[in-house]
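**Student:** With the working numbering, letter number 132 in the sequence shown gets 132, and the count goes up by one each step, no holes.
Calculated from the structure, these hints are not laboratory results. Glycine included, C-beta positions come from ideal geometry on N, C-alpha and C. Careful, some of the hints might be misleading.
Derived pair list, reagent style EDC-like, types lysine to aspartate or glutamate, alpha-carbon separation capped at 20 Å [what the hints assert, rightly or not]:
(1) 65 / 49
(2) 19 / 112
(3) 17 / 126
(4) 72 / 54
(5) 117 / 49
(6) 89 / 101
(7) 65 / 86
(8) 89 / 126
(9) 89 / 120
(10) 72 / 112
(11) 17 / 99
(12) 105 / 35
(13) 105 / 49
(14) 17 / 5
(15) 105 / 86
(16) 19 / 35
(17) 92 / 5
(18) 94 / 35
(19) 21 / 98
(20) 92 / 27
(21) 30 / 73
(22) 17 / 35
(23) 19 / 126
(24) 117 / 86
(25) 4 / 126
Simulated DEER-style distance windows between Cβ atoms [what the hints assert, rightly or not]:
(26) 26 / 122: 40 to 50 Å
(27) 122 / 94: 41 to 51 Å
(28) 19 / 53: 35 to 45 Å
(29) 117 / 94: 33 to 43 Å
(30) 73 / 120: 42 to 52 Å
(31) 27 / 120: 33 to 43 Å
(32) 120 / 87: 33 to 43 Å
(33) 25 / 122: 15 to 25 Å
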Amino acid sequence: SKPKEPAHIIALRSLNKLKQKKLWQADKEKAYYSELTYILREYLENRYEISALDRTSHELLELIKHSNIIEKERFTELSQILILGDLAKFAKFKPLPDENDLSLKNAFSIVENTIPKIEDIELMVEENEIDTNSDLSETVNSKKEDK
């Protein structure tokens, strides 16, 4: 069976697709936040092996806060998205265009800033958690060129 793609590859692809759909621009904030929060929860679950999909936003934030798995800045970005997402999904709240924009920027930031470092990747390869022939080498090389 084909090993799963790395979590960040899946998440970034999904975020780009979501961006192209222009949901909130079409007054579909609820759908936009449902998809956005799902992408992030799925990413956190795959990346950190925590159960993120079946927790409330509050429970998930508490878990992440106490386990210290992400930097404070990422935690702030995640809080912004989850709290606003809940308001849009459950309280018929209509976030401002700027807020919707920020939510997507923050989502990209969370994923891009938590991509496993080269050392982690080598360890994962040794443990056969990653298919070395997948898109990973491209990711690693494109990251090097950014520096």
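**Student:** Now look at each hint and say whether the structure bears it out.
**Tutor:** How the hints compare with the structure:
At roughly 15 Å between alpha-carbon atoms, residue 65 and residue 49 fall within 20 Å of each other, so this suggested pair holds. In summary, the hint linking residue 19 to residue 112 is supported, as the alpha carbons are separated by about 16 Å, within the 20 Å threshold. Between residue 17 and residue 126 the alpha-carbon distance is near 32 Å, which puts this suggested pair outside the 20 Å criterion. A hinted pair counts as satisfied when its Cα atoms are at most 20 Å apart, and residue 72 with residue 54 does not qualify at roughly 23 Å.
About 17 Å separates the Cα atoms of residue 117 and residue 49, which keeps this hinted pair within 20 Å; it holds. Distance hint between residue 89 and residue 101 is fulfilled; the C-alpha atoms sit about 17 Å from each other, no more than 20 Å. Only pairs whose Cα atoms come within 20 Å are accepted, and residue 65 paired with residue 86 is accepted, the gap being roughly 19 Å. Our distance criterion of 20 Å between C-alpha atoms is broken by residue 89 and residue 126, whose separation comes to about 42 Å.
For a cut-off of 20 Å, the pair hint linking residue 89 to residue 120 is broken: about 36 Å separates their Cα positions. With a C-alpha separation of about 15 Å, the suggested pairing of residue 72 with residue 112 holds against the 20 Å cut-off. Distance hint between residue 17 and residue 99 is fulfilled; the C-alpha atoms sit about 19 Å from each other, no more than 20 Å. Taken as a hint, the residue 105 and residue 35 pair is honoured in the structure, with Cα atoms around 15 Å apart against an allowance of 20 Å.
Between residue 105 and residue 49 the alpha-carbon distance is near 24 Å, which puts this suggested pair outside the 20 Å criterion. Distance restraint check for residue 17 and residue 5: the Cα-Cα separation of roughly 17 Å lies within the 20 Å cut-off, and the hinted pair is therefore satisfied. Taking the CA atoms of residue 105 and residue 86, the gap is about 18 Å. The hint holds against a cut of 20 Å. Of the pairs offered as hints, the one joining residue 19 and residue 35 holds, with about 11 Å between alpha carbons and a cut-off of 20 Å not exceeded.
Proposed proximity of residue 92 and residue 5 is contradicted: the alpha carbons are some 35 Å apart, above 20 Å. Proximity of residue 94 to residue 35 is assessed by CA-CA distance (about 16 Å); at most 20 Å being required, the pair is judged to hold. For the hint pairing residue 21 with residue 98, the CA-to-CA distance comes to about 17 Å; that is within 20 Å, so the pair holds. For the hint linking residue 92 to residue 27, the alpha-carbon distance of about 12 Å falls within 20 Å, and the restraint holds.
For a cut-off of 20 Å, the pair hint linking residue 30 to residue 73 is broken: about 25 Å separates their Cα positions. Between residue 17 and residue 35 the CA atoms are separated by roughly 10 Å; this keeps the pair inside 20 Å, and the hint holds. A threshold of 20 Å between alpha carbons decides the hint, and for residue 19 with residue 126 the separation of about 35 Å lies outside it, so the pair is violated. In summary, the hint linking residue 117 to residue 86 is not supported, as the alpha carbons are separated by about 32 Å, beyond the 20 Å threshold.
Restraint check: the Cα-Cα separation between residue 4 and residue 126 comes to about 16 Å, which is no more than 20 Å; the hinted pair holds. The hinted range of 40 to 50 Å is satisfied by residue 26 and residue 122, whose Cβ atoms lie roughly 44 Å apart. At about 46 Å, the beta-carbon gap between residue 122 and residue 94 stays in the expected band of 41 to 51 Å. Distance hint check for residue 19 and residue 53: the Cβ-Cβ separation is about 22 Å, which falls outside the suggested range of 35 to 45 Å.
For residue 117 and residue 94, the Cβ-Cβ distance of about 39 Å falls inside the hinted range of 33 to 43 Å, so the restraint holds. Checking the proposed 42 to 52 Å range against residue 73 and residue 120 shows it is violated: the Cβ atoms sit about 19 Å from each other. Take residue 27 and residue 120: their Cβ atoms lie about 41 Å apart, and the range 33 to 43 Å holds. Separation of residue 120 from residue 87 is about 35 Å and conforms to the stated range, judged on CB atoms against 33 to 43 Å.
Distance hint check for residue 25 and residue 122: the Cβ-Cβ separation is about 42 Å, which falls outside the suggested range of 15 to 25 Å.
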